[in-house]
Structure formats: C-alpha cells, structure tokens
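Number of protein chains: 2
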Amino acid sequence: MPIERPESRQSIPSDAKLVFKGKLFDVYQWEQTLFDGTKTTFEKIKRLDTVVVFAVQDDGMIILTEQEQPGGLPFVGAAGGRVEQGEDPLSAVKRELLEETGYEADEYNVWDAQQPVGKIDWAVYTFIAHGARKVAEINLDAGEKIQLKLVTFDELIDIALQENFSEREVVEKFIEAKYDNTKREALRALFTPKV
Amino acid sequence: MPIERPESRQSIPSDAKLVFKGKLFDVYQWEQTLFDGTKTTFEKIKRLDTVVVFAVQDDGMIILTEQEQPGGLPFVGAAGGRVEQGEDPLSAVKRELLEETGYEADEYNVWDAQQPVGKIDWAVYTFIAHGARKVAEINLDAGEKIQLKLVTFDELIDIALQENFSEREVVEKFIEAKYDNTKREALRALFTPKV
Chain F
82 MPIERPESRQ SIPSDAKLVF KGKLFDVYQW EQTLFDGTKT TFEKIKRLDT
132 VVVFAVQDDG MIILTEQEQP GGLPFVGAAG GRVEQGEDPL SAVKRELLEE
182 TGYEADEYNV WDAQQPVGKI DWAVYTFIAH GARKVAEINL DAGEKIQLKL
232 VTFDELIDIA LQENFSEREV VEKFIEAKYD NTKREALRAL FTPKV
Chain C
82 MPIERPESRQ SIPSDAKLVF KGKLFDVYQW EQTLFDGTKT TFEKIKRLDT
132 VVVFAVQDDG MIILTEQEQP GGLPFVGAAG GRVEQGEDPL SAVKRELLEE
182 TGYEADEYNV WDAQQPVGKI DWAVYTFIAH GARKVAEINL DAGEKIQLKL
232 VTFDELIDIA LQENFSEREV VEKFIEAKYD NTKREALRAL FTPKV
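Protein chains in written order, with the numbering used here: chain F, 82 to 276; chain C, 82 to 276.
Honestly, the hints are just simulated from the structure, not real lab data. Any given hint might turn out to be false.
For chains that are exact copies, the list does not tell them apart, and a pair is met inside one copy or across any two.
Unchecked claim - Here are the computed lysine-lysine pairs in the DSBU-like style, where the Cα-Cα straight-line distance is at most 35 Å: (1) K275 - K127; (2) K175 - K215; (3) K215 - K226; (4) K259 - K102; (5) K226 - K102; (6) K175 - K226; (7) K127 - K226; (8) K120 - K215; (9) K175 - K264; (10) K226 - K275; (11) K230 - K175; (12) K264 - K127; (13) K98 - K226; (14) K175 - K275; (15) K215 - K254; (16) K275 - K102.
All chains should be modelled from the sequences, with the hints used to inform the complete structure.
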C-alpha cells in the first residue's frame, strides 16, 4: 500500500504558476479570491519532502546520528534526508539509512507524517524501522559529517528534549512520553524489537 | 532595551546573493565550502519575522482568535502577524493586537523567540501582554476572517493541544505545562494579571 502524503492546511492550487526554480526551493504564485471578492497574489514555497528514520537493532538499541553541516551548528537526530524527484518515501528512507549509517532494516513503519510549515509545501515522514543491522560503511558526501550514536529508548527521550535535537516534528510526542506514563509505554512498544 | 533577534542554526552569510524577490519569500544563494574544500551553491529563504501575542485582561481572561484565511482551513490561536519592513517587533505586536482584536495592553513581555525552520531565515516572537482592554473595533483586511474567543488559562492549555492551534512554536511549553505541575504553575504565573 503506498504511503499517503499528508495534506497541507493551505494547498497550492493546481493552476498556480512556478515563478522561480531554485536549488532547494521553488516559488509558486496564484491569484487568490479574498472574502470580499477582490483578488490578490498569494505565494507559497515548495521543497522536496523529507524522510526521517529511527532504526532499531534487535537488541533494542536505536541508531541516532550526530551531524554537522558546513556553516551550521552540530545537532543530533535520526538518519534521514530528501525524497528525490521521482522517488517514493519508502525507497528514500531505505537509501538514506544505508548512506548515512550503513544499516539496512527488515521493516519500516510510518510513525508520523505532516506538513509542518503553513506556507511551505513540504511533507516530513518519520519512520520507525526494525531489524536494523550494519551491512556497509557509511557513504557520505562532502557536505556531511556524521557519527553514529546507539541509545536506549529511555536515553532517546532525554536526547529528544535537548535543544540540538533535529527532529522537531516529533518532539511533542517525546515530551508527552516523558510525562505521561501511558503514552510512554505505548511509544516504548513501537520501539521494542519484534523478535 | 531592544528585543534581541534569535539566531539561526545555519545563517545566511553576509555575502549571499538575493536571486529572487517574491511577495513573501526572498531566495538567497551563496558558495559554501564543504568539508573536503570543494564548493557548492547553498540556498536559503528569507521571510518577514512574525509576532504572536497572548493578551490577558485584568480579569484573567486571555484573548484568542478563531481565524480563517482564503483557501485555508480554519484555526485557533493568538493574535499576530508580520513585522513589516523597518518595523520593530514591539511596534508590530501592538499594531497586530489592535487590528485583529481591537485591544490595547499596558505591558508586553517576550515569552519565546526562535527561528523555527532550519532553511528559512525567519524569527517568531511570542509575547504575553497584560492589562489588555478593548479600545476599538476590529480592523480586518479582505484576506482575514477573525472572531474573538476569551478563555481561562486552563482552557488555553487544552486548546493549545488541539491540532488546529496555530502557534506551533509554543505547543511544547503547553504540553509540558499540561503534564508537569511545577511548569504549569510557573506558566500560570506568567498569565496571571499583575493587578
């Protein structure tokens, strides 16, 4: 079953015009009818969707990445990256996990999917993967510096509440898990190996 | 004392070039040196900063807005809008509160300030205002539909956890307040009238 793309709260209409094509961002404009019947130009950005994956080994350890990008502050998060043109989210997440960590996994489940920013057409899919195992060396390009960090579920919750945790889309779920015991155990079950 | 602008985790360098100027979004590009010494073109978007204000009456009721924008789903949140070119955040928040709600306030404090999206140069300032009182009618443009909703602090926490709550930058603080009694009372103090 294909993964459904989450909807935006304010979509780019199909007749919108591409007015600028950048390296990462495309800019669309359209004539929007306002509440009084007058029209004005609306604008919205489009960028490639993102996939994020928390991969879990059969011993329960979760694979995080400590990353640095040129000109940016270091951060810690899951593996992940862009869904390239013509690629589907599942293929992208498998590719990014392999490139960034050298791991493959047996099973990928979508844990969260949303369009986090109102004026940007941009979906973020967050997966939890099971049966993860190291099969290759890390394969980075010159714009990436990555170190792996294996953590337990309880350690992950603490790290997710740090300011330099990069997976902002799921922070709310980790905060709830920190404070609400029922939610914590439900989330723990999603991260527990199926073997 | 002027309000300090929060820093981005990956800033646009001062020698970046403006390659597209849109209605809402400007696109900048620059040559970035990578970890192996090679160079590539990096790209980042800039948009006007946003101010958000939770205004509190002297009876403790907090002014929220139920809003609809053309082509978008309805949402509930605080008052707020863009910091126009040449405007400072405090002037902007006073103007937006008056336009969207018809209220003025005696005191404005910055509760949260952040740049929420990595690849966008865009700061969001969230204020709590005290001594709020109705002084005028709402003054909307044809792109806005707004109804006021007065709520207690406890009602605000429940509303902030709904999916259609628009002030995503502070949702984490409301979740913590929901579950952690110490944080809830600390936050309640910020929303308590000073009279």
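Report task. If the cutoff is 35 Å on CA atoms, where do K98 and K226 land: within, between, both or neither? Let me know, please. Result -> between (37 Å within a copy, 26 Å between copies)
Query - Within, between, both or neither: K275, K102 at alpha-carbon 35 Å - result: neither (44 Å within a copy, 51 Å between copies)
Query raised in the report: Is the C-alpha distance from K215 to K254 at most 35 Å within one copy, between copies, in both cases, or in neither?
Result: Within one copy only: 28 Å inside, 38 Å across.
Query raised in the report: Are the CA atoms of K175 and K226 at most 35 Å apart within a copy, between copies, both, or neither?
Result: within (19 Å within a copy, 44 Å between copies)
**Report entry** Homomeric proximity label, K275 with K127: Cα distance no greater than 35 Å
**Finding:** Answer is neither; intra-copy 37 Å and inter-copy 45 Å both fail.
Report task. First find the shortest C-alpha distance between K226 and K275 inside one copy, then the shortest across copies, and answer within, between, both or neither for a cut-off of 35 Å. Result -> The answer is within: 31 Å in one copy meets 35 Å, while 50 Å across copies does not.
Query raised in the report: From the Cα coordinates, with 35 Å as the cut-off, is the pair K175 and K264 best called within, between, both, or neither?
Result: Classified as within: same-chain Cα gap 28 Å, cross-chain 40 Å, threshold 35 Å.
Query raised in the report: For K175 vs K275, is the C-alpha pair at or below 35 Å within one copy, between two copies, both, or neither?
Result: within (19 Å within a copy, 55 Å between copies)
Requested in this report: Pop the pair K259 and K102 into one bin, within, between, both or neither, using alpha-carbon distances up to 35 Å.
Outcome: Answer is neither: 42 Å inside a copy and 43 Å across each miss the 35 Å cutoff.
**Report entry** Intra- versus inter-subunit Cα pairing at 35 Å for K127 with K226
**Finding:** For K127 and K226, the Cα distance is within 35 Å both inside one copy (27 Å) and across copies (26 Å).
Report task. Please work out whether the CA atoms of K120 and K215 approach to 35 Å or closer within one copy, between two copies, in both situations, or in neither? Result -> Only across copies: K120 and K215 sit 31 Å apart there, 56 Å inside one copy, limit 35 Å.
Query raised in the report: How would you classify K230 and K175 at a CA-CA limit of 35 Å: within, between, both, or neither?
Result: within (19 Å within a copy, 46 Å between copies)
Hint compliance for this structure: hints 1, 4 and 16 are not met, and every other hint is.
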